[in-house]
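Visitor: Residue numbers (the numbering used here), protein chains in the order written: chain A, 1 to 517; chain B, 1 to 147.
Any given hint might turn out to be false.
Stated by the list, open to error - Mimicking DSS-like on lysine-lysine, the simulated pairs with C-alpha atoms at most 27 Å apart in a straight line are:
no.	chain 1	residue 1	chain 2	residue 2
1	A	481	A	389
2	B	147	A	481
3	B	147	B	51
4	A	481	A	392
5	B	94	A	94
6	B	51	A	481
7	B	51	B	94
Since the hints were derived computationally from the structure, they do not count as laboratory data.
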Amino acid sequence: MNATPRVVVGLSIALILSLAIQPTYAHGFGERYDLPVPLSIYLIGAGAAVGLSFLLIAYFLRNSKPSGSYTTVDIYHKRVGWFLKNRVIHTLVKGFALLAFILTIASGLIGDQGPIKNLAPTMVWIIFWVALTYVAALVGNVWKFINPLKTLFEIADGIYRRISHNDRLSLNCRYPTRLGVWPAFSLFLLFAWVELVYPSSATPRTLSIFILYYSFINWIGMFIFGKEKWISNGDIFTIFFDLFGSFAPTEVRVNSDKLCLFCVSDCEYNVNGCVNCYNCFNRSPEAARQVNLRPFGAGLLNGQNTSLSLFATVILILSTVTFDGFTATPLWVDIAFAMLPIFEFLGGSRLLGVETFGLLLFPLLFLTVYLIFCRAMSYFSNESVDTLKFAKLFVFSLIPIALAYHLSHYLSYLLIQGQLLITLVSDPFGYGWDLFGTATFKPNIAIVNAKFAWVVSVAAIVLGHIIAVYISHVTAVRQLKDRRSALRSQYPMLVLMIAYTMTSLWILAQPITEFNG
Amino acid sequence: MTLKPTCNTSLAGILVLLTLLVIGCSGNREPVARNFNLSIVNRTVGAEHNKLRVTQDDQVTLHITTDEDGTLHIHGYDLESIIKTGQTSEIQFKANATGKFAFEMHVDSEDHKQGEHQHNHDTADKGVSHEFENADIILGFLEVLPK
Chain A
1 MNATPRVVVG LSIALILSLA IQPTYAHGFG ERYDLPVPLS IYLIGAGAAV
51 GLSFLLIAYF LRNSKPSGSY TTVDIYHKRV GWFLKNRVIH TLVKGFALLA
101 FILTIASGLI GDQGPIKNLA PTMVWIIFWV ALTYVAALVG NVWKFINPLK
151 TLFEIADGIY RRISHNDRLS LNCRYPTRLG VWPAFSLFLL FAWVELVYPS
201 SATPRTLSIF ILYYSFINWI GMFIFGKEKW ISNGDIFTIF FDLFGSFAPT
251 EVRVNSDKLC LFCVSDCEYN VNGCVNCYNC FNRSPEAARQ VNLRPFGAGL
301 LNGQNTSLSL FATVILILST VTFDGFTATP LWVDIAFAML PIFEFLGGSR
351 LLGVETFGLL LFPLLFLTVY LIFCRAMSYF SNESVDTLKF AKLFVFSLIP
401 IALAYHLSHY LSYLLIQGQL LITLVSDPFG YGWDLFGTAT FKPNIAIVNA
451 KFAWVVSVAA IVLGHIIAVY ISHVTAVRQL KDRRSALRSQ YPMLVLMIAY
501 TMTSLWILAQ PITEFNG
Chain B
1 MTLKPTCNTS LAGILVLLTL LVIGCSGNRE PVARNFNLSI VNRTVGAEHN
51 KLRVTQDDQV TLHITTDEDG TLHIHGYDLE SIIKTGQTSE IQFKANATGK
101 FAFEMHVDSE DHKQGEHQHN HDTADKGVSH EFENADIILG FLEVLPK
C-alpha cells in the first residue's frame with residue numbers, strides 16, 4: 001500500500017554502503033572559532049536565571065489568574081500589511097525559494113565537491129538549518145509558505161488538473177489517525193543522525209542525493225494522502241519550524257471556526273477560530289483572515305491536545321538540539337573515548353557506533369528526566385492528573401530554553417561562515433565564475449567580537465528561561481482547577497528548567513573539542 | 001489581557017542584558033607586541049606553545065624553526081608561511097579578530113600544491129587509503145581574547 005517502506009530501505013542501504021566507503025568523520029561543516037563563555041559571565045547568567053525565576057514566582061503568587069489569551073495587533077487589514085495580500089509578491093517569494101532549492105541540488109550534483117566551494121553545504125547547513133530557524137522564531141514561520149516541495153507538488157497538481165478536467169493529483173487516501181506524526185519523528189531521527197554523526201554530511205553530492213530522497217518520500221506521501229495531510233504529519237521541517245515558530249511575534253489566524261471543522265490538517269481550533277493553519281487561512285474569506293503581531297512566546301500557549309507522537313517528536317527535537325552542542329564538549333569526548341572498546345566489532349566505524357549510540361540514548365535520558373519531574377509535578381499538584389498528561393501539556397514550555405540555546409550556539413557560526421554565501425552566489429558550482437562580482441570576497445572573521453557573542457548568548461538563554469517559566473505557569477493555572485495546586489506544581493518544573501538552562505550555559509562555557517579517534 | 005506580565009518579563013530581560021553589557025564592555029587595554037618562538041620538533045611545538053594567548057589588537061610575531069620542511073598555516077586569519085629546516089620563518093599580523101584559531105603544518109608531498117588550500121574538515125572526497133597522507137597536522141591553537 002505505502003511505497004514509503006521501500007524507499008526507507010533503499011535509503012538505509014545507501015547510507016550503509018556509503019558508511020563502508022568513508023572511514024573518516026566530520027562534525028558538520030565549516031570552521032568554528034568560538035571561544036568558550038568565561039566563568040564570570042556564566043555565573044552571572046546562572047544567577048540571573050535563578051534570581052529572576054524567584055521574582056517571577058513572587059509576582060505570580062500575588063497576581064490574579066492570567067487568561068492565557070494575549071494581545072494581538074492585526075496588520076493584514078491595514079495598509080502596512082499590503083505585501084501580505086499581494087499575489088505578485090507571493091509568487092516571487094515562493095519562486096525564489098524554489099530557485100534556491102533547485103540550484104542547491106544542482107550544485108551538489110554537478111559542482112565542485114569541496115564543501116566551501118559549493119553552494120549546497122552552505123545553503124543546507126547555514127541558510128536553511130540555522131538562518132531560517134532564526135527567521136521562523138524571531139520573525140515568523142515562513143516555511144509553511146515557501147516550502148519548495150509543497151510548491152512543486154502544487155505546480156504538478158495544477159498541471160494535472162488542466163489535463164484531467166479538474167481531477168486532483170492526490171489519491172487522498174485516509175491517513176491513519178494512529179500514525180500521527182510518527183513518520184516525521186522517524187525522518188527527524190534520520191536527519192539528526194545525518195547532521196550529527198554521518199561523516200559526509202558536508203559532501204555536496206551526498207547532500208543533494210539525500211535531499212532528493214527526502215523530496216521523493218514527501219511527494220509520495222503527498223500523492224497518497226493529500227498535500228496538507230502529509231505535510232502536517234510527515235514533513236519534519238514543517239513540524240520543526242512550527243515548533244520554534246510558535247515563539248515568533250507573528251501569527252496567521254482565522255477568526256471563525258466554521259472552516260476549521262473541515263480542515264484537512266486537523267488544526268486545533270476553538271470558538272475563536274484557529275492559529276497558523278494555512279489550510280483554513282487559504283480557504284477563508286478575506287474578512288475572517290488575520291495576520292497578527294503578538295508577544296514573543298505567546299504562541300506556545302496555544303497548543304492543548306498534544307498527541308503522543310507529537311510529544312515524542314518535540315522531545316526528540318529538544319534533546320537533539322542540546323546533544324548537538326554536547327558532542328563538542330570535552331566531557332563527551334572522554335565518554336566517547338571510554339565507550340570505543342565496546343564498539344570494536346565495527347572496526348573502522350566504531351566511532352560512528354559510539355556517536356549513533358549517543359544520539360539514541362540522549363533523547364531517552366532527556367525523556368526519563370522530564371518524566372520524573374512531571375511525576376513530581378503531578379504529585380505536588382494533588383490533583384488526579386496523570387504524569388503523561390502533565391508531560392504532554394508542559395513540553396512546549398521548554399521550547400524557549402532550547403530555542404535560545406540553539407540560536408546562541410550558532411550565532412558566531414552564522415555570522416562568520418554565513419558570509420560564504422556572498423562568494424557562493426557568484427560561483428555556486430565552484431567552476432570559477434563571478435556572476436555578481438563577489439567571487440573573491442573573503443569572509444570577515446572579525447565581524448562578531450567574542451564578548452558580544454558571549455553576552456548575547458547568555459542573555460538570550462536567560463531570557464528564554466524566564467519566558468519558559470512564565471509559559472509553564474500560565475499553562476498550569478489554565479489547566480488545573482485549583483490555583484494553589486497549580487502554583488505548587490510549578491516548583492518541580494522550576495527546578496527542571498533551571499537545570500536545563502544551566503546545562504545549556506555549561507555547554508556554551510566548554511571549549512569546543514573535536515574527536516581525533 | 002496579559003499585557004502586564006509580558007511587560008514585566010521584557011523589562012526583566014532588558015535589565016539582564018544591560019547588566020551583562022555593562023560588565024561586558026569593561027576593559028581598555030593598550031595593544032601589546034607579542035613574540036612567540038615556535039620550534040617544531042617531530043611535528044609538535046611542545047606544551048608551552050600549543051596554546052598561544054593574546055589579546056585583541058595585539059601585534060603578534062611568530063618566529064618558527066622546524067626539523068621538517070613544509071608550510072605553517074593559521075586558520076581564520078588564513079596566514080601561511082613556508083618553513084624550512086635551518087631557517088627561521090616569520091609570520092607577523094595584528095590579531096584584530098577574537099576567537100580560537102588552529103595553526104597547523106603541512107608537509108611537502110607530491111599531492112600537496114602550495115598556495116592552493118582547501119579548508120574542509122571533511123576528508124570524504126579522498127580515497128580510502130589516503131586519509132592520513134595529506135593530513136593537516138594541528139600544532140596548537142591561537143586564542144585571541146576580547147579586551
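Visitor: Hint by hint, which ones does this structure get wrong, listed from lowest number up?
Guide: 2, 5 and 6
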